[in-house]
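Student: Here is what each chain is made of, one letter per residue.
Protein chains: 2
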Amino acid sequence: MANASNALLARALLQQCLYARLQVKPPERGSEAKWVEIQRGLIIYVCFFKGANEEIIPKMVNTLLNVKLSETEGGKYVSVLDLPGSILIVPQATLGGKPKGRSMQYHSNIDKETGSALYSQFVTLCEQELAANTRCTEAGVVLKHGTYGNRQVLKMDTNGPFTHMIEF
Amino acid sequence: MANASNALLARALLQQCLYARLQVKPPERGSEAKWVEIQRGLIIYVCFFKGANEEIIPKMVNTLLNVKLSETEGGKYVSVLDLPGSILIVPQATLGGKPKGRSMQYHSNIDKETGSALYSQFVTLCEQELAANTRCTEAGVVLKHGTYGNRQVLKMDTNGPFTHMIEF
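Those sequence lines, one after another, are chains F and X.
Just so we're aligned: the first sequence equals residues 1 to 168 in this note's numbering.
Just so we're aligned: the second sequence equals residues 1 to 168 in this note's numbering.
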């Protein structure tokens, strides 16, 4: 936890993938669903809590894009930027749930408007980091992301998701 | 957190799936990899921390199989037992990692021997609960699980993973 008051401001879940596909627009009358996809890389699920503001975004992005969780062909672990791998960002407010009886409650989650704004900033800064990284641009890796507030219809194929949670 | 001393003993991550496939035996010379698969249901990733013992298993199983996170065709949320849905249990020690610089550390994770024993008890109790549930047996849902200590090569297809974390 990164802030002085020790309150939890954001939670990210990381899963490594060989391929992932996410719906970014549900089907409607007259139009089919729209999807994005990435090949080998990192799925970042992200959830913001009450009290979070734009100050945490640079730290989150720096930590998540530089933590050494991506496996090279040789079995060594490097960051997704060093792999280099693609990135799929998935807004996942359910990660903020706490069990109460047989149900989950989301009282600590940030309001939708602020959460949506922080999510956009998070995506934008990740995009900038990727664009500024020569190894990534030369390798042609991509960043894709889900639509905040939508159902995140996701398909993934892994060589071991190697699931990690990092809180801020 | 379920125990008086407030120490974290186990962490479970839940994702809803329409289909999931997990490698339970890697390929070897002369034999192909072995896989298990489930259709619609719940993926439970589980990680045990130091201090965990068999006393927490019944509470974990009761909570995870009864929490209402599985979506019916009508859009209502019920437990995986009430859906009824199949269950895929994935040992995932990486869930116990904490970031230190650019690496993850696993100092709070339980030792492998105890973790393996607890994992077996967790799987067995889940199997017993499923077998004792008439709705589940009549619907023919199944429970499959990964091999403790192996790489968890996983493929999943979801209608929204609806990811939740529950700690014990």
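Simulated from the structure, these hints should not be mistaken for laboratory data.
Using N, Cα and C, we set each Cβ at its ideal position, and we do this for glycine too.
A portion of the hints provided could be inaccurate.
Computed list of lysine to any residue pairs in SDA-like fashion (alpha-carbon distance at most 25 Å, straight line) [said to hold, decoys possible]:
(1) LYS98(F) with GLU28(X)
(2) LYS50(F) with GLU73(X)
(3) LYS100(F) with GLU167(X)
(4) LYS98(F) with PRO27(X)
(5) LYS68(X) with ASN159(F)
(6) LYS98(F) with ASN150(X)
(7) LYS98(X) with ASN159(F)
(8) LYS34(F) with GLU73(X)
(9) LYS100(F) with LEU81(X)
(10) LYS98(F) with VAL153(X)
(11) LYS50(X) with LYS50(F)
(12) LYS59(X) with LYS34(F)
(13) LYS25(F) with LEU8(F)
(14) LYS112(F) with LYS98(X)
(15) LYS68(F) with PHE49(X)
(16) LYS59(F) with LEU81(X)
(17) LYS76(X) with LYS59(F)
Ranges between beta-carbon positions, derived for each pair [as the list claims (entries may be wrong)]:
(18) GLY101(F) with GLU127(X): 20 to 30 Å
(19) ASP111(F) with GLY74(X): 21 to 31 Å
(20) GLN105(X) with GLN105(F): 28 to 38 Å
(21) ALA7(F) with THR134(X): 42 to 52 Å
(22) GLY101(F) with GLU28(X): 41 to 51 Å
(23) ASN159(X) with LYS76(F): 49 to 59 Å
(24) GLU138(F) with LEU18(X): 18 to 28 Å
(25) ARG102(X) with GLY74(F): 31 to 41 Å
(26) GLY30(F) with GLN128(X): 28 to 38 Å
(27) GLY140(X) with ASN150(F): 44 to 54 Å
(28) GLN105(X) with ASP111(F): 26 to 36 Å
Covered by chain X, per the in silico footprint, the following chain F stretches (three or more residues, Cβ under 8 Å) [stated by the list, open to error]:
(29) 34-46
(30) 123-136
(31) 144-153
(32) 156-163
Student: Now look at each hint and say whether the structure bears it out.
Tutor: Structure-based check of each hint:
Between LYS98(F) and GLU28(X), the direct Cα distance comes to roughly 42 Å. Violation of the 25 Å bound is thereby established for this hinted pair. For the hint pairing LYS50(F) with GLU73(X), the CA-to-CA distance comes to about 32 Å; that exceeds 25 Å, so the pair is violated. For the suggested pair LYS100(F) and GLU167(X), the alpha carbons sit about 12 Å apart, so the restraint of at most 25 Å is met. For a cut-off of 25 Å, the pair hint linking LYS98(F) to PRO27(X) is broken: about 39 Å separates their Cα positions.
Among the hinted pairs, LYS68(X) with ASN159(F) is inconsistent with the structure: their alpha-carbon atoms are about 30 Å apart, more than 25 Å. Restraint check for LYS98(F) and ASN150(X): not satisfied, since their Cα atoms lie roughly 30 Å apart, outside the 25 Å limit. Taking the CA atoms of LYS98(X) and ASN159(F), the gap is near 22 Å; set against the 25 Å cutoff, the hint holds. As the CA atoms of LYS34(F) and GLU73(X) are separated by approximately 22 Å, the hinted pair is consistent with the 25 Å bound.
Among the hinted pairs, LYS100(F) with LEU81(X) is consistent with the structure: their alpha-carbon atoms are about 18 Å apart, no more than 25 Å. Between LYS98(F) and VAL153(X) the alpha-carbon distance is near 28 Å, which puts this suggested pair outside the 25 Å criterion. For the proposed pair LYS50(X) and LYS50(F), the alpha carbon gap of about 30 Å is over 25 Å, so the pair is violated. With a CA separation close to 41 Å, the supplied pair LYS59(X) and LYS34(F) exceeds the 25 Å bound.
A hinted pair counts as satisfied when its Cα atoms are at most 25 Å apart, and LYS25(F) with LEU8(F) does not qualify at roughly 30 Å. Only pairs whose Cα atoms come within 25 Å are accepted, and LYS112(F) paired with LYS98(X) is rejected, the gap being roughly 28 Å. Between the alpha carbons of LYS68(F) and PHE49(X) the distance comes to roughly 22 Å, so the proposed pair stays at or under 25 Å and holds. Distance restraint check for LYS59(F) and LEU81(X): the Cα-Cα separation of roughly 40 Å exceeds the 25 Å cut-off, and the hinted pair is therefore not satisfied.
As the CA atoms of LYS76(X) and LYS59(F) are separated by approximately 38 Å, the hinted pair breaks the 25 Å bound. Taking the beta carbon of each, GLY101(F) and GLU127(X) are about 25 Å apart, inside 20 to 30 Å as hinted. For ASP111(F) and GLY74(X), the hinted distance range of 21 to 31 Å is satisfied, since their beta carbons lie about 28 Å from each other. Between GLN105(X) and GLN105(F) the C-beta distance comes to about 31 Å, which sits within the given range of 28 to 38 Å.
Look at ALA7(F) against THR134(X): about 45 Å separates their beta carbons, and that is inside 42 to 52 Å. Range check, GLY101(F) to GLU28(X): Cβ separation about 46 Å, and the 41 to 51 Å hint holds. Separated by about 36 Å at the C-beta atoms, ASN159(X) and LYS76(F) break the suggested range of 49 to 59 Å. Between GLU138(F) and LEU18(X), the C-beta spacing of about 37 Å breaks the proposed range 18 to 28 Å.
Taken as a hint, the range 31 to 41 Å is violated for the pair ARG102(X) and GLY74(F), whose Cβ atoms sit roughly 18 Å apart. Here the CB-CB span from GLY30(F) to GLN128(X) is close to 50 Å, at odds with the stated 28 to 38 Å. For GLY140(X) and ASN150(F), the hinted distance range of 44 to 54 Å is not satisfied, since their beta carbons lie about 33 Å from each other. Restraint check, GLN105(X) to ASP111(F): a C-beta distance of roughly 34 Å satisfies the suggested window 26 to 36 Å.
With 1 residues bearing a CB less than 8 Å from a CB of chain X, the segment 34-46 of chain F misses the requirement of three and the coverage assertion fails. Counting residues of the segment 123-136 of chain F whose C-beta sits closer than 8 Å to any C-beta of chain X gives 0, which falls short of three, so the coverage hint is violated. Evaluation of the coverage hint for the segment 144-153 of chain F: fulfilled, as 3 residues show C-beta separations to chain X shorter than 8 Å, against a requirement of three. With 8 residues carrying a beta carbon less than 8 Å from a beta carbon of chain X, the segment 156-163 of chain F meets the three-residue requirement, and the given coverage holds.
Going down the numbered hints, you'll see the structure goes against 1, 2, 4, 5, 6, 10, 11, 12, 13, 14, 16, 17, 23, 24, 25, 26, 27, 29 and 30, while the others check out.
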